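Use these hints to put chain B onto chain A, whose structure you have.
Below, each chain spelled out in residue letters.
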Amino acid sequence: MSDMSMDIDIALTVNGERIVERVEARKSLVDFVRDDLGLTGSHVGCEHGVCGACTMRVDGVIVRGCLMLAAQCDGAVVETIEGLSDSGELADLQAAFEQRNALQCGFCTPGMLTAAQDLLNRDGVPSREEIREHISGNFCRCTGFHAIVDAVESVAKARHGAKP
Amino acid sequence: MKITADTPPVLSVLDRPNSYIGRAVPRPNLQRLTQGRGQYISDVTLPRMTHVAYLRSPHAHARIVSIATDAAKKAPGVVAVVTGAELAKTMTPWIGVLTHLKGIKSAPQAPIAIERACWQGEAVCAVVARTRAQAEDACELIDIAYEELPAVTDPETALDAGTPVIHDSLGDNLCFERKLDVGDVGKAFADADAVVEATFVTGRHTGVCTEGRAIVADWNASEQRMTVYHATQAPHMMQNLFAKHLDLSESQVRVMTKDVGGSFGIKVHTYADEMATVALSKMLKRPVKFVADRIESFVTDIHARDHRIKGKIGVTKDGVITAFEIDDLTGIGPYSVYPRTSGIEANQVVNLTGGPYNCPNYRAQTRVVFQNKNVMCQYRAVGHPVAVAVTEGLVELAAAKIGMDPLEIRRRNLFPDDGYPAQTASGLKLEQLSHHEALAHLDTMINYAGLRAEQKALRDKGIYRGIGFASFIEVTNPSAAFYGVGGAKITSQDGATVKLDAQGAITIHSGVTEQGQGAEAVLAQCVASSFGVSMDRVRVVTGDTDNTPYGGGTWASRAAGIGGEAAWQAGKALRGNVLAVAGAMLQAKPEDLDIRNGIVVDKVTGAERLGLDELARVAYFRPDTLPPGFQAELMVTRHYVPRAWPFAFTNGIQASYLEVDTDTGFVKLLRHWCVEDCGTIINPQLVNEQIRGGVVQGIGAALFEQCLYDERGQMLNGNMADYLVPMAVEMPDIDCGHVVSPTADSELGAKGAGEAGTAGAPACIMNAINDALRPLNAQPLTDMPFTPGKILAALGKI
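Those sequence lines, one after another, are chains A and B.
Mapping the first sequence onto our numbering, position 132 (from 1) lands on 180, and the numbers just tick up by one.
Mapping the second sequence onto our numbering, position 640 (from 1) lands on 791, and the numbers just tick up by one.
Bound-form chain A, shown alone (with noise of 0.2 Å):
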């Protein structure tokens, strides 16, 4: 109610864009990004952090948007889908997916990206179960994962220079 809405000022930098805004206390990462920022493509699934549809990067570190709140992030660096896309980081991943058909519906799929991006980011070539370990923090209810294992997997090898 009114007074657990207080409000609070926030400076930080959203897709390498600097932002001041005053938000309410109880504001949500996500429901800041998509509703006061515009930025719907990181996505609202179940808002307890268990589906991943809104995955997105703070410092570097994947989050879950709905578990943080906004309040929390002056002075962080959020990156959401729509940043890592212009930024071109994600473009053979991107590809990947589209190529091997990786999604569906589509609403899991930033939430999915940034999450395999975390695990490509690390040493060496995953192997397919520890790419299934790794998202398994992202439902995706259309394609059974297989696909979102291969589109991985694929860039995994590409990016170590190995032959698909």
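These aren't lab readings, by the way, just hints derived from the structure by calculation.
Do not take every clue at face value.
[Said to hold, decoys possible] Have a look at the derived ranges for each label pair, beta carbon to beta carbon:
| hint | chain 1 | residue 1 | chain 2 | residue 2 | range |
| --- | --- | --- | --- | --- | --- |
| 1 | B | Q654 | A | V173 | 41 to 49 Å |
| 2 | A | V109 | B | P168 | 50 to 58 Å |
| 3 | B | S685 | A | A73 | 53 to 61 Å |
[What the hints assert, rightly or not] With a straight-line Cα cutoff of 27 Å, these simulated DSS-like cross-link-like pairs (lysine-lysine) come out:
| hint | chain 1 | residue 1 | chain 2 | residue 2 |
| --- | --- | --- | --- | --- |
| 4 | B | K819 | B | K948 |
| 5 | A | K75 | B | K224 |
| 6 | B | K461 | B | K395 |
| 7 | A | K75 | B | K225 |
| 8 | B | K941 | B | K612 |
| 9 | B | K650 | B | K723 |
On a predicted model such as this, the values are computed, not experimentally measured, just so you know.
Virtual Cβ for every residue (Gly too), placed ideally from N, Cα, C.
Showing chain B alone in chain A's frame:
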């Protein structure tokens, strides 16, 4: 009929220049989604838009004594607080019945409960505010006095004399029943060498779309027009229903779908809260948005598959199945869902049980009863997973009883591939199936003999692996026999409008809808192929009742087989019209010309004659140069509806290889296979991904998913932490194979593939678990989902 390569061929028999039929081309519109630039309904905002939150009944069954809304009305940002009685002045109630389901009955349902709430989660009051948070805040200020009523929750006792009747006007709690008795079942069981009986339970579960149901309704009082942005599978059906219950004409209602975050049959029904949202917009004369949150989704999205089936099979010692018998009972909540009804699932169970087998003796009964739980209705593969679980469960139990291999008993009973057309005992007409070819393909694909040897060797080491199978048939390409004949305004035909634009590119407008399955890619493939352009010159528009031909949308695996054929025909017709223009311009006979790669060429020599850009320029800007009396028609529409067969049945067989940890009861899925026959394959990659996604949805039903209720009708696990869904780490790789038996009902010959995976997977997993545990003399597991606790109980360990 032929086996196709499991890796997609480059070109198909329908080969022409620009033939995309049979090719695994990527979907043309995916960058939007991979870059987070799609527009789902939850992303839609409009000027003056408000948000509605619904206060929902905490009781499964309660009289609403009073609703005090004064405090809520004064809360910050609140625009209106509306009760069911108030909303009833704007929207009429509905009753979910169909005339071809003889005797089905239900009670009138209002968009917001009036006087009585009949399930936990039914909306009782609406708060409209400037933000969703403000609306939810104000909901907490509403004081509702309830008088709790006895809740009817157990289907087994719903029809007992001592059980309260939920709707007095109906007289009892029976929604629908059907009985069937074909052949001589009594004699068939008497003649059998073995009779096996088992009771199967398929757990109540739900679709869990990643995006909750979402709708933005915008009543423009100055135009007297309602625009609805709606995450739906069937925009024209919804246009009709919104108009009907708001007392508008259909021309006053426009429904647009945008991107839809998963549907699977969840988003093809009338939901009271969505109807209320539309009515609130009309009442308030401004846009109102509703997005179901996850908890609301669990208690209001339709549930499905809550069946208890007593099954019986007779078999000779030679493995000939003599009869099937089932007694099915299902509880569907307090209302039959509008307009498709909650009787269809049970009806399908009766229709489909025994479906793959050439067995003339079949007796079935189903009873569909009301209860005070969330409603049940059609979810992906409607009725199939239940019927297949019973049929295939019984077949493998019978095989074990007579000591026959589970593939061998199927070989002896499946409809012969050369015996079509055929008819099942329940009366389903089958045009051409390929059960034996599919089984043979699967046998090779999985290296069955090798798997059995491995299984045996590992058993000696105390490792218990199982191999299970499920043959199935799948309803696709439905004709008017599904809903139209029952009086529902749900069209089975579909249309495509194809236009050559002024630069020679193609736009398709289609009545089917994109839910992520790739319908737009399939439509583009069909038109690019039949017209003769590359796919990058084709754009597809769907999901807008103002701008697409009247169509059914996406359900019952109809988009490719029906919408694709309409698009194919429209592309051909436009090609003829374009060649007529070319003939006029080139003073050539149209029949001597062809369109290849977007260029008009000489049919015989292939010599380039005219670019489509030039042809379009002349047709649109210099028609004065064309011969007198000649009119170019560069936009055509074609429609298609299956007529020769009520449904285009497909068939297939799945196999599962898994390992059961007999100490913990955990099941590890090692591999899964599916060979299916959806006729002509337009896009092998999209078909395979439909199969894989469907299989995993079926695995969820077999191992994890269940909406758990207590005896008072309270859902106990309505969140994603407690309701388990399949995640990547538990799922196996899934191999797909195909047999191709095109339907002769269309030129393309394509049937549907969207539900085959879900239809067969639960039975397949069940059979594999029982195969794994058979040497341990475990009780056969037939009560889904097969949780570790149930497995340990079957082993006698707990």
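(request) Would you list, in rising numerical order, the hints stated earlier that this structure does not obey? (result) Violated hint: only 6; rest satisfied.
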